[in-house]
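*Asks:* Going down the list, the protein sequences come from chains A and B. Going by the numbering used here, the first residue of the first sequence is number 3, and it counts up by one from there. Going by the numbering used here, the first residue of the second sequence is number 134, and it counts up by one from there.
Hints were generated in silico from the structure; no laboratory data involved. Keep in mind that this is a model prediction, so the values were computed, not measured. Check before you lean on any hint, since a few could be wrong.
Said to hold, decoys possible - Computed, partial: chain B to chain A, Cβ under 10 Å:
(1) 137
(2) 139
(3) 141
(4) 144
(5) 148
(6) 151
(7) 152
(8) 160
(9) 166
(10) 167
(11) 170
(12) 173
(13) 176
As the list claims (entries may be wrong) - Which bits of chain A does chain B cover? Going by a derived footprint, with three or more residues having C-beta under 8 Å, they are:
(14) 113-120
(15) 167-174
(16) 663-672
As the list claims (entries may be wrong) - Ranges of calculated distance between the beta carbons of each label pair, as one might list FRET restraints:
(17) B:135 with A:473: 27 to 37 Å
(18) A:756 with B:176: 52 to 62 Å
(19) A:340 with B:176: 45 to 55 Å
Beta carbons: idealized from backbone N, C-alpha and C, even for Gly.
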Amino acid sequence: MPSCRHCGQELIPGKEIEGGFCCAGCRAAFSLIEGLGLDQYYQRRSLDPTQRALVPEDDEAQSLDFSVHAKSYQKDEQVLYLMVEGLHCAACVWLIENVLARKEGVTHARLNMTTRRLELRWKTGLADPNELIHAVAQLGYRLVPYDPKALGDAVSAHERMLLKCMAVAGFAAGNVMLFSVSIWAGNADTMGWATRTFLHWLSALIVLPAVAYSGRPFFTSALEALRVGRTNMDVPISLGVLLATGMSLWETIRAGEHAYFDAAISLLFFLLIGRYLDSRARGRARGAASHLIALGARAVTVLLPDGSRKLLPPGQVPAKSIVLAAPGERIGIDGCVIEGVSDLDASLISGETLPVPAKPGTLVFAGMLNLSAALRLEVTATGEATLLAEIVRLMETAEQGRARYAAIADRVARWYAPVVHLAALLTFLFWTMWVGLAWQPSLMIAVSVLIITCPCALALAVPVVQVVASGRLMRRGILLKSATALERLALADHVLFDKTGTLTLGRADLMPGDWTDKDLAVAVGLAAASRHPLARALARARPDILPEAHVSEMAGLGLECQGVRLGRRAWCGVSDDLADGVGPELWLARPGRAAVRFSFEDAPRLDAETTVSDLKNKNYILELLSGDRKAAVESLARRVGIKNWRSLCLPADKVARLEELKAAGKHPLMVGDGLNDAPALAAAFVSMSPSTAVDVSQTAADVVFQGDRLAPVAETLAVARSASRLVKQNFALALLYNLVTVPLAMSGHVTPLIAAVAMSSSSLVVILNALRLGRRT
Amino acid sequence: MTNLLILIPVALLLGLGGLMAFLWALRSGQFEDLDGAAHRILFDDEPINAKPDIKKDTPSS
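Extracted from the complex, chain A is given alone in its bound form (with noise of 0.2 Å):
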């Protein structure tokens, strides 16, 4: 099937506009990329299937004032930070970028492909923002003005700064090695103490500075620790180097024969590494919580008394006001239907992919996609007062309460902090009262105890199996969001999936029936002119058929041609109370014949049956919440082979069933999508989203997973549960060196060798180990 010059979507025969466009807003579209004479755009891009198409639409940006949200930058320019929904490839940024640096008065316009955030800058005076943004909404994408400092621009910041720190410690720590080395190649023969206590003070030169800089995130976060009164791991950390270069220093001054200078600014060097990795691997999916600034940031067309039409942001929008919702727009507001029949899309609200009928008196929600014909409503709720808002608030409320788990390695420093401090302590204590030593070699002896305990093995031992596992992850298509996720996935021995979309692909399929292959063809050659979901899924199963010519649809009913129907049930005459199962359907009546039902079904995922056999042999306790009918859910659940199921579940109740079961001190697992799911999802002990879900649920989830498949939910928790063994072991491996390397330091035999030797082999070790997870897969 030919497709859109533009947007790239299959052209619908007889509907295509001349030239190859599916509809003027793709041939503006195209003519204004010709004229700016950047069509090698359309050579250069791939389309990525998984983006919505770029369809321009009407009104909408034109509707919104964007000039309120540019700030001022330096003196004669105003800056804008926009998210850009539509990316599909690197071409897209070249064209947004050059279309924008070709417009009067912008100086700056940079798309980050990571982020998706676009920075816009302009001269005051020179250009008019909502023209900037309108040139760039007229291709297709979607701007949404966000405020760089919500967004996670502290996380960004933090991450550069422990970069920067990371990278002064390596240069020191190189370069401290390399006099180190020289002493201790030198000690063994003739090196005088003059050469040695000059390496000393040139490694004091460096490293002094370098642990005043570096050591600052671990520095502050003990003391914040100790200021409430805690420990934490910072604080062995920052005690031991601190410690160390301290020591070292007083040593070089009295000329002595011990400097742990490398000692303390390799420990800086191999925790940054760790630290940075950890917030790396956490770090892919931030800010995907911006995408729901963009429902709000929609306007709606309020019907004034005297007949006018005005565009008003949905906050701004008076009760009891009529709207009207054009085809294809998302509706802003709760209301009701007043006049008007047509299909709407709730997968939003409700979590089902398959579109409702709307008619006068139908309840509609903020976030519901209106699909086929025009409505008007009377306005019920608002902005802060929509079931959207109110499903946003109970999302934020359940995630709160999950931020408190805390990590593993947080746990063993709490208790590994007092004891190596204690053990530090009666060390000094035996040197300088039993054995009678003055204080200063005592003291030395203590210090190298803290140093050699230093917990870089321990530190080491979580971030880097994180990282080895999100890596094989992501190879996998799944990501990692949070970084207890492991863990806490590890924990889990309940699976709660949601129905449609998650066991299921969330689209309609032909199911077969009483209706003959004749039957088919004249019925696809109807439904083949229409964009309606089930029309086009009937019109999947014979895509060889073209559609009738002259096909006329009647919004909300159905389809006609020369007397012969395809639509809903009273469309074509057929009575209402004719039991004939229920769900999706469509009727095909031809004159003088009786009509045929064609129905359709939401078909599972193809390997939910054996993954949820495989969850079911791994002793995982399964259940299935959906807010979908009695019937379809036990149909589906008797399918895939989980017994525990419930039907017409509320978002609020599929949270009730999960604090239920952690109240029981269960770990549920809940996958699921949609933003009816997302309270689920925050509330769960740990959660999963395919991502063909909405965006706003996977910032609830903590995982989220690519493709048609359920196996990665499998694959996840088994990769969750080897890696809390491989932390294990290495908090094991972490506790043996200790105890091999405690006693030795604290009868006053460890020298500076002994101490790099040891921290490195541990470090190294923990690496090794953390790395056989990657291996086996």
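Keeping the supplied structure of chain A fixed, place chain B upon it in accordance with the hints.
*Replies:* Here is chain B on its own, set in the frame of chain A:
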């Protein structure tokens, strides 16, 4: 001994140069968009700020 006095500063300066280069790259935002940078190189570009000769207005505005 004198060779130490030359070689050590040389080694340090070389290392310092690398460190400075890295910090500069970090500050100038070269690590901000690793995906984008990998693809941008594929588009040989006319200078971005060049104004086109024929100024054609957006068709629908």
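*Asks:* Now tell me, hint by hint, if it's right for this structure.
*Replies:* Taking the hints in turn, this is what the structure says about them:
For residue 137 of chain B, the interface hint holds, the least distance from its beta-carbon to any beta-carbon of chain A being 8 Å, beneath 10 Å. Because the beta carbon of residue 139 of chain B sits about 14 Å from the nearest beta carbon in chain A, more than 10 Å, this interface hint is broken. With a least beta-carbon distance of about 7 Å to chain A, the hint placing residue 141 of chain B at the interface is held under the 10 Å criterion. Hint on residue 144 of chain B holds. Least Cβ distance to chain A is approximately 7 Å, under the 10 Å limit.
Using the Cβ-Cβ criterion of 10 Å, the hint placing residue 148 of chain B at the interface with chain A is satisfied: the shortest such distance is roughly 5 Å. For the restraint placing residue 151 of chain B at the interface with chain A, the shortest Cβ-Cβ distance is roughly 7 Å, inside the 10 Å limit, so the hint holds. Given hint, residue 152 of chain B at the interface with chain A, holds; its Cβ is 4 Å from that chain's nearest Cβ, closer than 10 Å. Below 10 Å, beta-carbon pairs count as interface contacts, and residue 160 of chain B has one with chain A at about 9 Å; its hint therefore holds.
The interface hint given for residue 166 of chain B is met, as the beta carbon of that residue sits about 4 Å from the closest beta carbon of chain A, less than 10 Å. The interface hint given for residue 167 of chain B holds, since its Cβ lies 6 Å from the closest Cβ of chain A, which is under the 10 Å cut-off. Interface hint at residue 170 of chain B: satisfied, since its Cβ lies 8 Å from the closest Cβ of chain A, which is below the 10 Å cut-off. The beta carbon of residue 173 of chain B comes within 7 Å of a beta carbon in chain A, closer than 10 Å, and the hint placing it at the interface holds.
Checking residue 176 of chain B against chain A by beta carbon gives a least distance of about 5 Å; that is within 10 Å, so the hint holds. Evaluation of the coverage hint for the segment 113-120 of chain A: fulfilled, as 5 residues show C-beta separations to chain B shorter than 8 Å, against a requirement of three. Counting residues of the segment 167-174 of chain A whose beta carbon lies closer than 8 Å to any beta carbon of chain B gives 3, which meets the minimum of three for the stated coverage. Beta-carbon proximity to chain B at under 8 Å applies to 0 residues in the segment 663-672 of chain A; the threshold of 3 is not reached and the given coverage is violated.
Between residue 135 of chain B and residue 473 of chain A the Cβ separation comes to about 50 Å, which falls outside the hinted range of 27 to 37 Å. Distance hint check for residue 756 of chain A and residue 176 of chain B: the Cβ-Cβ separation is about 56 Å, which falls inside the suggested range of 52 to 62 Å. Distance hint check for residue 340 of chain A and residue 176 of chain B: the Cβ-Cβ separation is about 52 Å, which falls inside the suggested range of 45 to 55 Å.
When the structure is compared with the earlier hints, violations turn up for hints 2, 16, 17 and for no others.
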